[in-house]
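Asker: Be aware that the sequence shown starts at 474, since it is given in the numbering used here, and climbs by one per residue.
No lab work stands behind these hints, which were simulated from the structure alone.
Yeah, the Cβ is synthetic: ideal placement off N, Cα and C, and Gly gets one too.
Mixed in with the good hints, there may be bad ones.
Now the in silico label distances, taken between C-beta atoms and shown as ranges [said to hold, decoys possible]:
#	residue 1	residue 2	range
1	Met719	Pro564	31 to 39 angstroms
2	Gly582	Asp502	47 to 55 angstroms
3	Met719	Gly512	21 to 29 angstroms
4	Ala521	Asp717	19 to 27 angstroms
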Amino acid sequence: MKNFKLLSIVLAIVGVTAATLLVGWFGFDRVASAMLSAGAKGFTVFCAWQIVVMVILGFAWRVVAPVSCPRALGAFVWGRMVRDSAASCLPFSPVGGVVIGARALTLHGVRWSIATISTVVDLTAEFAAEILFALGGLLIVLGRTSDAAIMRSAEIGVAVALIAGIAVLRLQRGVAPLFMKLGKRLLGQWFGNTEQDGISSVELTAMYGDSTRLGLATAVHLVGWFGKGLGNWIAFRLLGSDIDLMGALAIEGLVHVVMATAVLIPGYAGVQEAGYVALGSLFGVPPEIALGVSLLRRARDIAIGIPILLVWQLFEVRRLRNAPAA
């Protein structure tokens, strides 16, 4: 565990250094000028739209969870907000944000067994939707370029996306028992005793294998991905780029594919910036604007994420105060 934490710290330092060098290469003043051109009003709109997207993603998580309480939707939306905020603002890999999001969910009456398994199902649905969204981005690239090397890479990407999507749908049914074993080993008492929680292993497996819930959650996540792409388009337009909506959607989908290869790097430091520059060039976006969008996105994540994490800590303090003395 210590080695893993050390690796995350080292990767974060390397990523931040790489991002700084990249910004310096294209000019700190030019990138800062592009970023600040959004203005306070534009930045507020950008942040507000991200909160809307978080609500959509929280609803997708709620879809896969077998809970009947009408107020549970708020808990899942809040859990998703904490998940994304922890992944973007804390020095953890995105995996740490997923665990913290599940933890935040349990503070609002959802059992660990449901929180953990529904998290895995939600991640499966989100990954499937991401593949479809990225596939659309690759097709947009194919339709807009005549460069043989780029077309060949895009065609390979389309084939890989299709294979990955089929694999996700075929393998997802057998993951629940494995996840339960890993959860008990990694989380210990935090994972909880599923039998005592009132949900048997069979029921948990059935939750994960519910194709209807998984399909609906995937559809909602796809809506969420379009929402992210629209937010990406808003950012480009705020910074003065004339990129069209389809181009912005393609960049959003493909940037996340690039970032998926750097899952161990906290905040995808450096990787996100490089992805925006490389993909932005395919659609004629100047590098200073592409970097400005990436940095504007980080500023948005901090502006939204820090208050959310502070409120989450208040809930944690309240839980500790109400807990019986050992």
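Asker: What are the numbers of the hints that this structure violates, sorted from low to high?
Answerer: none
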